[in-house]
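As you go down the protein sequences, you meet chains E and B in turn. Taking my numbering, the leading residue of the first sequence gets 596, the next gets one more, and so forth. Taking my numbering, the leading residue of the second sequence gets 48, the next gets one more, and so forth.
Be a bit skeptical, because a hint or two may be false.
Derived pair list, reagent style DSS-like, types lysine-lysine, alpha-carbon separation capped at 27 Å [what the hints assert, rightly or not]:
| # | chain 1 | residue 1 | chain 2 | residue 2 |
| --- | --- | --- | --- | --- |
| 1 | E | 702 | B | 276 |
| 2 | B | 181 | E | 794 |
| 3 | B | 272 | E | 705 |
| 4 | E | 875 | E | 684 |
| 5 | B | 82 | B | 56 |
Some chain E residues judged to face chain B by a derived CB distance under 8 Å, without partners named [to be verified]:
| # | residue |
| --- | --- |
| 6 | 751 |
| 7 | 756 |
| 8 | 783 |
| 9 | 816 |
| 10 | 829 |
| 11 | 830 |
| 12 | 834 |
| 13 | 862 |
| 14 | 864 |
| 15 | 867 |
Hint data in this document are derived by calculation from the structure and do not stem from the laboratory. No residue lacks a Cβ here, since even glycine has one placed at the ideal position from N, Cα and C.
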Amino acid sequence: MNKIGETINKRKKLKHNIRLMNEESRVNRELDLDIPEGLYDKCPKCGKLTNMKLNIENDYICKNCGYHFRMRAIDRIKYILDEDSFVEKGIGYITLNPLYIEGYEAKINKYKKETSLDEAYIYGFGQIYGEPCIIGVMDSHFMMGSMGSVVGEKVAKTFEYAIYKKLPVIIFTASGGARMQEGIFSLMQMAKTSAAVAKHCSLGYLYVSVLTDPTTGGVTASFASLGDIILAEPNALIGFAGPRVIEQTINQKLPEGFQRSEFLMEKGFIDQVINRKDLKKTLHQILQMHRRTV
Amino acid sequence: MNILDKERKLQVLEKNISDLGDSESVSKLVEEVEKFKKNEMTKLSSWDKVLLARHPKRPKSRDFIDYLSKDFIEFHGDRLFGDDKSIIGGIGSIDGIVFTIIAQQKGNTVEENIKRNFGMPHPEGYRKALRLMKQAEKFNRPILTLIDTPGAYPGLGAEERGQGFAIAENLKEMSRLTVPVIAVVIGEGGSGGALALGFANEVLMLENAIYSILSPEGYASIVWKDSSKAPLAAEQMKITAADLKDFDIIDEIILEPFGGAHFNPELTFEKTKKCIMDTYYHLSGLARTELQYQRNAKVRNFGFLQRFNYDNLKEVRK
Numbered sequence: 596m597n598k599i600g601e602t603i604n605k606r607k608k609l610k611h612n613i614r615l616m617n618e619e620s621r622v623n624r625e626l627d628l629d630i631p632e633g634l635y636d637k638c639p640k641c642g643k644l645t646n647m648k649l650n651i652e653n654d655y656i657c658k659n660c661g662y663h664f665r666m667r668a669i670d671r672i673k674y675i676l677d678e679d680s681f682v683e684k685g686i687g688y689i690t691l692n693p694l695y696i697e698g699y700e701a702k703i704n705k706y707k708k709e710t711s712l713d714e715a716y717i718y719g720f721g722q723i724y725g726e727p728c729i730i731g732v733m734d735s736h737f738m739m740g741s742m743g744s745v746v747g748e749k750v751a752k753t754f755e756y757a758i759y760k761k762l763p764v765i766i767f768t769a770s771g772g773a774r775m776q777e778g779i780f781s782l783m784q785m786a787k788t789s790a791a792v793a794k795h796c797s798l799g800y801l802y803v804s805v806l807t808d809p810t811t812g813g814v815t816a817s818f819a820s821l822g823d824i825i826l827a828e829p830n831a832l833i834g835f836a837g838p839r840v841i842e843q844t845i846n847q848k849l850p851e852g853f854q855r856s857e858f859l860m861e862k863g864f865i866d867q868v869i870n871r872k873d874l875k876k877t878l879h880q881i882l883q884m885h886r887r888t889v
Numbered sequence: 048m049n050i051l052d053k054e055r056k057l058q059v060l061e062k063n064i065s066d067l068g069d070s071e072s073v074s075k076l077v078e079e080v081e082k083f084k085k086n087e088m089t090k091l092s093s094w095d096k097v098l099l100a101r102h103p104k105r106p107k108s109r110d111f112i113d114y115l116s117k118d119f120i121e122f123h124g125d126r127l128f129g130d131d132k133s134i135i136g137g138i139g140s141i142d143g144i145v146f147t148i149i150a151q152q153k154g155n156t157v158e159e160n161i162k163r164n165f166g167m168p169h170p171e172g173y174r175k176a177l178r179l180m181k182q183a184e185k186f187n188r189p190i191l192t193l194i195d196t197p198g199a200y201p202g203l204g205a206e207e208r209g210q211g212f213a214i215a216e217n218l219k220e221m222s223r224l225t226v227p228v229i230a231v232v233i234g235e236g237g238s239g240g241a242l243a244l245g246f247a248n249e250v251l252m253l254e255n256a257i258y259s260i261l262s263p264e265g266y267a268s269i270v271w272k273d274s275s276k277a278p279l280a281a282e283q284m285k286i287t288a289a290d291l292k293d294f295d296i297i298d299e300i301i302l303e304p305f306g307g308a309h310f311n312p313e314l315t316f317e318k319t320k321k322c323i324m325d326t327y328y329h330l331s332g333l334a335r336t337e338l339q340y341q342r343n344a345k346v347r348n349f350g351f352l353q354r355f356n357y358d359n360l361k362e363v364r365k
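Take the sequences, apply the hints, and build the full model.
See below:
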């Protein structure tokens, strides 16, 4: 066989393998989502015991007080995207332990099992009412959604893939900030992701960032606040420094509603605070209005 | 015994010698001092470097600027909200080449420290920095940033005015600059507050400076719920210039004189100046787009991770 034939064969094999992996991960993840009928949970806002099944049917919003529950990345994708339109990209990254911190790998493995994710972020191709886009979702259940080397790399890849596909990017952020276990490498992801956004931006593509509870630290100070359009879910904690750090620094209690999305909209940093029920429709409208004819 | 205790001991020893005048015990003491200098003062742990980086007598950005550029003119304000005194910005010539200099400034005295907010900038500081960087780009002027901050200020006003947004905007715009950007970490490089000036073509670092994601105290209190374990944290976090050079995060280490920069500021300034100019001449050979490309390509490679080889995937799955 000639050289070109070999390459084509190799590519075919590669694509096949990726598809296999995609299917496997999808199946595994859906199994985890079965929620027993009688599961009750306390709402963090109103403190009332509510049936989780009913809340989930109510778009993950508390029936009693309208609190938006923190969503897992998989749920978010299922909720926002058209059925079966999601194709995950960037699979197979392995988190390493650059500072040789004891127990870090074990911790990562524990979270991997719990969330059935590789890392605190997944991205891929998807459609919203038929409008194609590249979507990235952070998961705060994976080590508080902290940004280490792998998350940073995948975010950068999201934008590069979007440039390659000439598509807009939508990112749902939920993070406690940069991951301290990876030290300076985590810090540098801020520069890396911001540079990726800048490149995508300078080519004229759309980037919508949706801030969800909680978005703080290094993620706020990089790609989360660089969207052309910045949306936020109601009552989400958004800020650079955490509330506890600020309280310690200034030695007084923070006012009610400080660093919440409504507060930030008031101060002029967010385009719109949007109820989860309207989110898909609004995103669709935005994508439609930015559709490129070429 | 950490470096500050050692320093104090050295002072006591030297004072003893000068008190004694001429006698036989003097030569003995001199010998002891020399031995102490050679054996003890040169052995620095990571925590010692943290202490040196925060040393009250350590030369601050303003001292560096005064030595580097005799004709420095300071520019104030971000044209939006106000002037942040913890970031100094302006233009000045170094060896005949005009630089835009942006530096984080701590104070030398308590009063100055309060005025400078202990080197912790507010959003308006970062916006001033961005304004000056854009100005530099307009006039095709190289940019020099001096980094010395415990971190961006975590306070009410800072949050209200969008600390995170200001830093993010800086990072985004710095990735697009088409002039040489040289960053020098001269003391503490704390977290995102330092990186907001540190996204450069070349990052230089003084030997006893530190650059970290959060303070060792913060790390210790999160991991061990005990901030007094900071020395251990400093060791584990790999924050010294030598560690970062190993990781290829920084490009050059500027050696400091015996005992740290404050033992001989002049020499430190001179070495820094030489290193900056060498780097500048190296970078000035690049075209505008190449500079932009080089800066982004460098940052793109930062990260410590691994990826499956897809060709071996089938075997892995079994």
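Okay, the hints, checked on the actual structure:
no., hint, result
1, 702/E - 276/B, "holds, 22 Å"
2, 181/B - 794/E, "holds, 18 Å"
3, 272/B - 705/E, "holds, 22 Å"
4, 875/E - 684/E, "holds, 22 Å"
5, 82/B - 56/B, "holds, 13 Å"
6, 751, "holds, 7 Å"
7, 756, "violated, 14 Å"
8, 783, "holds, 4 Å"
9, 816, "holds, 4 Å"
10, 829, "violated, 19 Å"
11, 830, "violated, 16 Å"
12, 834, "holds, 5 Å"
13, 862, "holds, 6 Å"
14, 864, "holds, 5 Å"
15, 867, "violated, 16 Å"
The structure does not agree with the numbered hints 7, 10, 11, 15 stated previously, though it agrees with the rest.
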